[in-house]
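Asks: Quick note on our numbering: the sequence shown kicks off at 1 and runs consecutively.
If you're looking for bench data, these hints aren't it; they were derived computationally from the structure.
Be aware that one or more of the hints could be misleading.
[Stated by the list, open to error] DSS-like, lysine-lysine: derived pairs with alpha carbons at most 30 angstroms apart: (1) Lys235 to Lys497; (2) Lys227 to Lys496; (3) Lys183 to Lys12; (4) Lys117 to Lys183; (5) Lys227 to Lys497; (6) Lys496 to Lys242; (7) Lys376 to Lys242; (8) Lys496 to Lys309; (9) Lys242 to Lys473; (10) Lys235 to Lys12; (11) Lys12 to Lys242; (12) Lys227 to Lys112; (13) Lys473 to Lys497; (14) Lys497 to Lys309; (15) Lys91 to Lys506; (16) Lys183 to Lys235.
[Said to hold, decoys possible] Simulated DEER-style distance windows between Cβ atoms: (17) Asp161 to Met15: 33 to 39 angstroms; (18) Asp368 to Val507: 17 to 23 angstroms; (19) Leu366 to Glu144: 57 to 63 angstroms.
Everything numeric in this text was worked out from a predicted model, so none of it was measured.
For each residue, glycine too, the CB sits at the ideal point set by N, CA and C.
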Amino acid sequence: MLSLDGSDPYQKISMVSFGNRARGSGAFYDYSARYGAVREEDRTTLRESVFPETIDEVVGELGYRQREVQRANEEDMHYFEQLADRMGLTKLLDLPVVALSNGQTRRARVVKAILRKPELLLLDEPLTGLDVQTRPALLSLLYELHSARRPRIILGLRIQDDVPEWVTHVALVDSGRIRTGTKDEIERLVRESGSLSEQSRLCNDVPKVSVDHSGEILVDMNNVSVKYGDRTVLKAINWQIKGGERWHLVGANGSGKTTLLSLITGDHPQSYTQSSPLSAPPSEPASQRYLRLFSQPRSRIPTPTLHSKIGVVSPELFDAFPRRTGLTVWEAVATGFEGVFSVPRNIVTSSGKPQRSVGGRVGEELTDSERQWREKRIWDVIEHLGPAAWATPVEPGHDQILPVSEEFASRSFASLSVGEQRVVLLMRALVGQPPLVLLDEVWSGMDASMINAARSYLRGESGVPGDGRGMAKDQAVVVITHWENEVPWSAEDGVKKFVLESGVGKVVR
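Kindly produce the complete structure, drawing on both the sequences and the hints.
Replies: Right, here's the structure in full:
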């Protein structure tokens, strides 16, 4: 297909999607590589990723053409540095790309797309994952570009997101239908539509829930620090997370949130190097540095045990989780019991009847009661977080599996939409009722009906107390988001806030 001037029209369009997976293959990749960027393939800097001809090896290959390439790129390089300054990336240009935070990476991807000088720039969920300070800078830059028609810009926003003032027209996608009009017309339609108003609600008109702060200490940090050479990422962090608590972890892009979470999950190499009071001599001062996970230093808790005790949803996990052909929703959810990426295939019982896999460690056989509990938990999260709950909330205490849930459980995970995949990964994090749940940008890619079902489940509105469904009272949850209204609990519910600023953390009451 060619445009009227004979050029390729696809070269005139750039799209940056923050809801989609960064890699399209089904292969696993090491999402912990960012911690220290020690591998040779991880050393490419942000500047080099945009202008690979500045890499020494490439310069040598170009030889006599280097001067010509430099002249051609001087204008682009100057424009790139201007954009980097506008987006707060100047100090990061010579850092390895793999060491950038999620928010910093998002900004860099937008800058790269603008540098291609397309006629049309499509940005899907550009504000998700950006801190409060960065959003105005991005919107201001996009407004200037759009006003100059260099390029024209289309934003893909969630229904709960604020529409920028400079947007003139809106296309509303709802239940498979698309309605278009001016911004005022569509906003009026949203206000007048009862169903849309209900779908887009977040914290409004929800019953108060009671948060228990008396549980055992699950995570205990004292003067915990992380450094890469001369660069300090976390400085003297003091934080305790107890069973039953609800936390909101917040901080600007690059403040150290992902690094802090990687210490808790045990993925960060320096989680092993924090000393522990269990091995400290009596003369050691009380201000010593230590990290204890479930009352143990990282070196004393096996990684499989740690994975089974912490449920995680994060951008890194979304990218890393395999999209193998044949992996069903049921099997993807079942990986959550052990926190792994695969489960044994379905087995055949002595009666010849196939039996769905519910996970389990290699070489260990589950008891009948354990198997029954796992099956019940898988159906619980599929029913209350899946398509049966997206239209209308599932009644607490019902025992009959709905046909729509049966069908969803059998679907291929790889065939699901981005939002559906993210919901399944949330199911995976919650299915085993782990003592600690970490939800990092959990709502990214989900539509309003998915979010409302998940919020209801997390708040305990979907289960019957004591029936093994929903969230257990002694589970701790940490929500990582820049948006206050994305936290399922409010201050009245007893949620606490931990704020990171340039690697320094503090509890805010």
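Asks: Are any of the numbered hints broken by this structure? If so, which, sorted upward?
Replies: 10, 11, 16, 17 and 18
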